[in-house]
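Visitor: Sequence:
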Amino acid sequence: MVMENSSCYPPVDSDQTHPWLMVSQGSELQNHTFYSISKGQYFERSIPEFCHKQVAPTSYGWLALFDLGKPPIHCYLFSPASREKIPLPPIELDPKSKIRPLYRCILSKPPNGPDSCYVLILSNDDSILFCRLGDDKFIKTTTTSFGDDYYFSAATNFKGTIYAWIHKDDSHRRCSHCSLVEVDFVGKEIILKRLVNGKGQPGQISMPFTMVFNDYLLESSGELLLVHMICHKFSEKVKYFRIFKINTLEGGEITELRNIGDHNIFISDCVSMSRSTKSGGLMQKNSIYYAWHDKNLYAYDIENRSKTVLKPCPIEGASFLKCWVMV
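With the UniProt record's numbering applied, the sequence shown covers 1 to 327.
Hint data in this document are derived by calculation from the structure and do not stem from the laboratory. Mixed in with the good hints there might be a few duds.
Stated by the list, open to error - 20 Å max Cα-Cα, derived EDC-like pairs, lysine to aspartate or glutamate: (1) Lys278 to Glu236; (2) Lys96 to Asp125; (3) Lys137 to Glu182.
Said to hold, decoys possible - Estimated spans, in silico, between C-beta atoms of each pair: (4) Pro95 to Asp135: 33 to 41 Å; (5) Asp135 to Gly280: 21 to 29 Å; (6) Arg242 to Gln284: 14 to 22 Å; (7) Asn197 to Ser221: 18 to 26 Å; (8) Gly317 to Asn124: 18 to 26 Å; (9) Thr308 to Lys188: 16 to 24 Å; (10) Arg83 to Lys159: 22 to 30 Å.
All values derive from a computational prediction rather than experimental measurement. No residue lacks a Cβ here, since even glycine has one placed at the ideal position from N, Cα and C.
Input sequences plus hints: build the corresponding full structure.
Guide: Here's what the structure looks like:
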């Protein structure tokens, strides 16, 4: 069902606890459709601030907006509640790269607060950018704390601390070793602190090279979760998920979960989050809703590993972006 009105944002619904799936489409990404899972409705809008931009939800209720015009990429932080804008340095692109850039953004502190706020940006070309709010340029770096062969797989702000999930390929054992680190910023470097238990051992997971996977870190009911998406090697279609709880107070101790209670998980290219299922309606419980690279939305039942295909709204053409937003 489609609903239209003159307001920029979809209607406020105090009963809706889950995020909207926002689809940006059109030649300038000027059309924005908001889909409600619980009601099975979508609302068509055109939001000037989102036109021709990748929208990436970040910490503390802010959005990071990246202009997809000619390089360099101009970007800024935007508050949907107050419409406040905070400029960020432009992002220089590699002229030889053929990858369409997609960004994830993590903030260390509220950007409009009294404390210094660092901005961490992860790109789909594996580059890592950071700056302190107010700087005139981003610093492009790698995870040199543990060696150049470590890669950021995911990152999030959990209870005021930025954590990252990093992995290292072990060609001898033909697997990747993945573990949690605490992220800090000193001068022009990112400092990583590995979480270890009382025996000096890190909590980690090893994945064989035969698997293609994506990782997501998020907070759910006051706990830090790692969502591990396993894909088919050649088609990259999702096979199944594994969910782990990471205890940051016990050296990154990892426990696999089969149930996440009264919350669901929402995943797209630029954001992952967990929200309550109290909205009810058409929404499944104990599920992962993920917006993948096609025009569908998928609901994955965590308990029985079944998958339901949803058609959230009409999507025309090949130029579109999908993400979860709370507005």
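Visitor: When the hints from earlier in the document are held up against this structure, which numbers fail?
Guide: As far as the earlier hints go, 1, 3, 4, 5, 9 are violated by this structure, in ascending order.
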